[in-house]
Structure formats: structure tokens, C-alpha cells
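Protein chains: 2
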Amino acid sequence: VAGDQNQSVMSPRTAARRVECARAVGYDIRLTTGSVSLIGQQLADAVGERRALIVTTPTVNAVVTQPIVSAASQQLRRQLPVLIVAGGEERKTHDSVEAIADAALLSDLDRTAVLVGIGGGVCLDLVTMAASSIRRGLSHIRVPTTLVGLVDAGVGIKGALNFRGRKSYIGCYCPPELVLLNQAFLATLPDRHFRAGLAEIVKMAIIADAELFALLEREPLFTTEHFALRRGQSDTIVWRSVACLLDELESNLFEDLPGERLADFGHTFSPVIESASAFSVLHGEAVAVDIALSTELAAILGILSCDTRDRIRAVLRHLSLPLSSPFLTLPRCLESLDAARRHRRCKLNLIVPAAIGTGFCLVEGTEISDALLRGALAVLAQDLVVR
Amino acid sequence: VAGDQNQSVMSPRTAARRVECARAVGYDIRLTTGSVSLIGQQLADAVGERRALIVTTPTVNAVVTQPIVSAASQQLRRQLPVLIVAGGEERKTHDSVEAIADAALLSDLDRTAVLVGIGGGVCLDLVTMAASSIRRGLSHIRVPTTLVGLVDAGVGIKGALNFRGRKSYIGCYCPPELVLLNQAFLATLPDRHFRAGLAEIVKMAIIADAELFALLEREPLFTTEHFALRRGQSDTIVWRSVACLLDELESNLFEDLPGERLADFGHTFSPVIESASAFSVLHGEAVAVDIALSTELAAILGILSCDTRDRIRAVLRHLSLPLSSPFLTLPRCLESLDAARRHRRCKLNLIVPAAIGTGFCLVEGTEISDALLRGALAVLAQDLVVR
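Residue numbers (my numbering), protein chains in the order written: chain Y, 29 to 415; chain R, 29 to 415.
Hint data in this document are derived by calculation from the structure and do not stem from the laboratory. Keep in mind that a hint or two might mislead.
Remember, identical chains collapse to one label, so a pair may be satisfied in a single copy or spanning two.
[Claimed, not checked] Simulated pairs of lysine to aspartate or glutamate, EDC-like, Cα-Cα distance not exceeding 16 Å: (1) Lys-375 x Asp-237; (2) Lys-375 x Glu-118; (3) Lys-195 x Glu-288; (4) Lys-195 x Glu-126; (5) Lys-186 x Asp-138; (6) Lys-375 x Asp-411; (7) Lys-375 x Asp-138; (8) Lys-186 x Glu-245; (9) Lys-195 x Asp-138; (10) Lys-375 x Asp-335; (11) Lys-375 x Glu-288; (12) Lys-375 x Glu-253; (13) Lys-195 x Asp-73; (14) Lys-195 x Asp-335; (15) Lys-375 x Asp-275; (16) Lys-186 x Asp-219; (17) Lys-186 x Glu-118; (18) Lys-186 x Asp-284; (19) Lys-375 x Glu-239; (20) Lys-195 x Asp-130; (21) Lys-375 x Glu-48.
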């Protein structure tokens, strides 16, 4: 009798019922060009009458968080409490989530309260995890202050903790109510972290937006100062990248539907680089290396023309991103492909470029031999051009 | 420009986009009358080819879990791994979730794997929390082995941890894929815990099922032996209670829609009794005290007839459940009402009986004075009948 829909059936041997529910989720992403104090006003408008707790990291607190919170508190005529949590991948633990829960208790947050994360990927991951579990779910608002946060980590619905050296082994899907994007926050970002963020933009351009790729090729300089000076241009780059990512994510936000995910491009070999380097290689740097390798594989397999492969490599060089890493050895490549198969429910689903703006999904059955990988790694290590 | 649906808009000052998604969830609940080994076969059918990890507690391991896992492993021709976690409310912590995550790593669980919780409320809470966060969500199956588990904790979608002495301060909504109900598991349940479980059945009977209430009144004896001997009768009691609860929960499974929730009956004053007693008062015992108090308040306010109030008290006595508790003082009652207002988004929504089988929601504005509460507490402490 099992499987009957929405009714209770009782027989001498068994009773069965199926519960069904559709949960609607939605959230807003806004890019503004205003100053930091304008963001404070937007934040105050969003928080309204609710209790709130701001969570931020020491690096951005003085320059970004304090001005925003000050403007918001002034408009709301009450001081919003701020919790400063330490940054760093090694802090993405349940202990850090509990530190936020302690502050939530101290600030007497009720179920209508809102958590506000102002910071980079680590801060936003922790706030998302805390929001997903405190009182079985608080609302949260994200204000990313890194380029990776602006174009990637901040705009999706995932939160994560690391566990026993495994990146994001513990995690959640928890949509924010609002994401406030503003490039004014990038002013404090170290140049290396800024460049790492560009890798996620390159990723989206290659698989989904040829015009964005052309913008990246044409933009003369990639530094935070230059981005700030050419605000119209850089806002367009950021927003196109965000829009492409959301187009990819929206149809399978909770990753519970089958099918390829183009946004996985650059994320097959990168996790092992990060963990093998004990996170000394930044996420975006690892993604750049992954993009270079996946692109090389596509060229060797004849899926991608050599000219296009060269354009992709040239853009990575133009953005001062790495093409190879000593941490990405052949055994780690094989390990990554194996992990991808298991992670992606027994399917390889390796995304490679087929052209600029077009991703291609290598399904199970494509042979990626040791020799193929060894060749690609050697070519990239020396930045050779093989035709 | 904010709020535009599913499109990207770029203007000189702002760009905005809204992401929308509906996530469908569903799960099956099955009550069987077969033996423990039959449950093992059902479990094996459900697990199939997937990797699995069984999580259980020491108290039920030998008598319930081992026979089930043995039957399931035999059918699957592979040994299913078992993790034994300590029981007790004080173990509902992130540390216990991490113990499950460690075992998941050891058993090499991939994203298609399934966690199986075999145990009481604490075990199922931990498994639900682990399933909601390991690898951003594993599937899970619940096999409740307590009466509270069978009729309440096991059939909903919530998981919880306690935090800084606050019951369920950390929690999640995470539907299982399957719940297997079978009264054979109750054989090992201490009598006091069995009776505590009856309180949740009384709760559902009072607010939603007059016929179930009559069954409780007529049933001569409430012990696990008696329940086992009169299996047809007791299965009907359990299934009616489950069906009533699911009717209540299904329309607002994630508790994110506004409105009263009849299943909150008996759960306004009970949390403070549990925490004030350091969990020496069982959840069901606290619920019984709450039912008695809410019923008395309804009688005093003229919502419930005195005859019906007497029938409710008589059933609680018939089931050997408490009507009062030294831990439920007047200040704690007031604190509970205040917490309920905050928990239920600033609305009182105190559920009281209006008749047998009919719940009534006291909305904000109803005055529940100190004198009223003091009177009701005094009457119940002495089990007086006031008309």
C-alpha cells in the first residue's frame, strides 16, 4: 500500500502514507555603485524593525563594516551589535558557528531576527551555516567584501565548514534574503586575493559569455585601483559574471536534480590543490590552474581549437593567474577525477570549453588516460604551446 | 529596479535580480506489524545498492539494531557498518554530529549514501542533523524505537541540538526519505518512557481526533506488554495519532508560513519544565503537565466545559501521566508565554482544547493574568476539581 498519495491506509499488515510539500525560496541580489554609507542605508532599510547581528572579520571591520554599521545604526536609531570572528579556512568549524550562536543568544535574537555577514568567503560561509541552524533557521543578508564573494561565494545559496582537512565536507543550502554587491569594498583587498577572484569571472566567461571574455581581453590592467577608476567597465564585468552564474545555478539551486552543471568548470582539480597546499594556494588560483588543465585536455581531445586554447591561456597570463601548480601531481589529478565521479553521483561530468562562451560536458566513457594527463601537466608546467 | 523577476537589469546606479526556486520534498511513512527481521528486509530494500551507515544507541543496539542490521546485511550480501552513539539530551551537540561525520568518512560515504537512525528521539535528532549537513545533505531513513519516536519525533522533518542549556536552539528541517514504524521495538522501552510517549498521543486526540480519545479512555491498561498483546488496537492508536499529526504538519512542513499550529498544543509550558529540571522530567511528562495546565486555563476562560476538562484530566491519570510539576512555577509560566510569543513571531498562538477533538487558538489580546495562572497551577498541584 506504500506510496499512496496524501491519504492514510490501514490494513491488517501495513499502513502507509506519503507526505509531500513544495517549498518556495527566493532572494534578491543588488549591485550598487554608491558609497559605503549608502550601503548602510540599504542595510537599514532591509533590516527594518527586526533584531539583527552583524558578523564580520578583523580585516574588513575598520574600513568596511564600521562605516556601514554606523550609517545603518544612525538610520535605525539603535546600535546594531557586531561580532568579529577570525578569518581563515581553518576557522570554518562548528566552534565558529557556536561563537555566532553565543552572540545570537547574547543579542537575544528571536526567530524573526536577521544575521548580516560582511566579509569574504569564510565569513559568509560561517554566517550561512549559522543562519541555517540557529533556532532552526534565521534570515540572513550577505555583503561580500572580496571579489570571489562578489562574483561567486556570496551570490549562491551554499554555506560550508571544513572537516578533518576536507574542504566543505559539512555544509548547507540556505538562501539569503538579500545580497548587497558593491565594489567599494574591494579597496582593502590585497592584490593577490583580487586576482584570485578574477579566476571565477574567467570561468563564467569561458563557459557562458564570449562578450565578457572579450571584455577581459580588452581591459588593460587588472588591479583594485584600476577597477575602481573604471567603475562602469568593472561593474559590467562583475554583473555579467554574476548574471551568468545565476543563470547556471537557478535551474538547480539545491543541486538535487540530475544533469551537468557548467559552473563546475574549474572545480574538478582545484579542491585537491587547495587541500594539498594546506590552503596556501588561494581558491581562485587553484581554479585558474584547473581551467588551464581542463582547457589543455579539451585541446588534446580535439574538442577545442588550439587558437582558442591559446586565447584562454593568454587571458590567464594577462590576469597574472597561474597555469600550473607543483601541488597538482598526476596521482592527485586521478584522485580528483575519482572524487568528481563520486561527488557527481557516479558520473564524471567534467566540464571543458568547446569554444569561448561554450562549455562542454565530458560524460563517463571519455578516456582520460594517465598519458594524456601527464602530457597536459608537463606542457602547462613549462607554459609550452603544443599544436 | 529591485524585485524584477528572473531578469538582469543594468542601469548607471544599480543592477538587480531576483532568484526564485521551488523545491519539492516528499517522504514515506510505513507502519508494519511484522517482526524485527522483516524490518531488516524492508531496510535492505530501501538501501539497495547505496552505501549506508547505521547510527544507533547502546540501549537498543543488542535487542533491536543488531537483528535488523543482521537481516538487512544478509539480504544485501554485505555488512552494513554500525556506529553506536551515546544517548541522552546532553549528547545532542555538534561533537556528536562530528562523531557521525567521522564514521561517514571512515565508511567512505558518497553523496548518494544513506544514513539510517535506529533509536529514540536523541538518536534521530542527531542523525537528522548529520544528514542535513554531511556533504551538504545525505539521504536518511528513520527507525524510531520509542513511543515518542513512533508518534512524534520520528515522523516530522526536524532535527535538533541543545545549546548552552537551551533545548533545540540549533536545529534543521530535513525530511527523511522513509520512516519505518513498528511496535516490536517498544519491547525494550522502560515503562516510564513508554508512558511519556502516550502524552503525544493524548495531545493529538484532544485537538484533532475524538475517536482516538475514546479509544484511549476505553483501553484498560497502558503498558508495553499490554500494547504488544493487543497489537491491532495499539497499532490503530499509533497510526491514528501519526495520521493526525501529519495532517497538521503537512500544510506547513517548514513552519515558514504564518498561522496557528494545533500541534503546538502541550508545547508552550513544557520546554521550561524540561530545562529547569535539567531534563530529569521527560519530554512527554512535561507535555502532559502542559496539557493539564492549558486545559485548566481553557476551562477557567470558559472555552472548555468543566465536564470535558474532567475527561481530559481523567485520561492523563488513567495513563499515569503527571498533571503538575514543581518545576513549573508562576514565573516560569510567564517566561514560557513570553518565549512562545517570540518563538511564534510575536503572536501568542496558545493552543487550548475547545472540546474533545477540537483545538482552539488563543490569539494575542486574550489576557492570561498572573492570578489566572496562579489559580490553575494551585488547582492542578492538588488535583482539585473546581467548578
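How the hints compare with the structure:
Taking the shortest alpha-carbon separations for Lys-375 and Asp-237, neither the intra-copy value of 26 Å nor the inter-copy value of 49 Å comes in at or below 16 Å. Taking the closest pair of Cα atoms, Lys-375 and Glu-118 never come within 16 Å of each other, the shortest separation being 30 Å inside a single copy and 41 Å across copies. Proximity of Lys-195 and Glu-288 under a CA criterion of 16 Å is satisfied in neither setting, with 22 Å inside one chain copy and 41 Å between copies. Taking the closest pair of Cα atoms, Lys-195 and Glu-126 come within 16 Å of each other only across two copies (15 Å); inside a single copy the shortest separation is 19 Å, beyond that limit.
Neither within a single protomer nor between protomers do Lys-186 and Asp-138 lie at most 16 Å apart by alpha-carbon distance, with minima of 23 Å and 18 Å respectively. When the C-alpha separation of Lys-375 and Asp-411 is checked against a cutoff of 16 Å, the pair qualifies neither within a copy, at 31 Å, nor between copies, at 65 Å. For a Cα distance limit of 16 Å, the shortest separation of Lys-375 from Asp-138 across copies, 12 Å, qualifies, whereas the shortest one inside one copy, 43 Å, does not. In the homo-oligomer, the alpha carbons of Lys-186 and Glu-245 never lie at most 16 Å apart, since the shortest distance is 31 Å inside one protomer and 50 Å across protomers.
For a Cα distance limit of 16 Å, the shortest separation of Lys-195 from Asp-138 across copies, 14 Å, qualifies, whereas the shortest one inside one copy, 31 Å, does not. Taking the shortest alpha-carbon separations for Lys-375 and Asp-335, neither the intra-copy value of 30 Å nor the inter-copy value of 65 Å comes in at or below 16 Å. In this assembly of identical chains, Lys-375 and Glu-288 lie within 16 Å of each other by CA distance solely inside one copy; the values are 9 Å within and 45 Å between copies. Proximity of Lys-375 and Glu-253 under a CA criterion of 16 Å is satisfied in neither setting, with 43 Å inside one chain copy and 51 Å between copies.
For the homomeric pair Lys-195 and Asp-73, neither the shortest alpha-carbon distance inside one copy (35 Å) nor that between copies (33 Å) is at most 16 Å. When the C-alpha separation of Lys-195 and Asp-335 is checked against a cutoff of 16 Å, the pair qualifies neither within a copy, at 35 Å, nor between copies, at 62 Å. Proximity of Lys-375 to Asp-275 under the C-alpha cut-off of 16 Å is found in neither arrangement, the shortest distances being 22 Å within a copy and 39 Å between copies. In this homomeric assembly, Lys-186 and Asp-219 never come within 16 Å of each other (Cα to Cα): the closest approach is 26 Å inside a single copy and 44 Å across copies.
Taking identical chains as interchangeable, the C-alpha atoms of Lys-186 and Glu-118 are never at most 16 Å apart, the minima being 18 Å within one chain and 29 Å between chains. Proximity of Lys-186 to Asp-284 under the C-alpha cut-off of 16 Å is restricted to the intra-copy arrangement: shortest distance 13 Å within a copy versus 20 Å between copies. In this assembly of identical chains, Lys-375 and Glu-239 lie within 16 Å of each other by CA distance neither inside one copy nor across copies; the values are 31 Å within and 52 Å between. In the homo-oligomer, the alpha carbons of Lys-195 and Asp-130 lie at most 16 Å apart only across protomers (14 Å), although the nearest pairing inside one protomer, at 25 Å, exceeds that limit.
When the C-alpha separation of Lys-375 and Glu-48 is checked against a cutoff of 16 Å, the pair qualifies neither within a copy, at 28 Å, nor between copies, at 27 Å.
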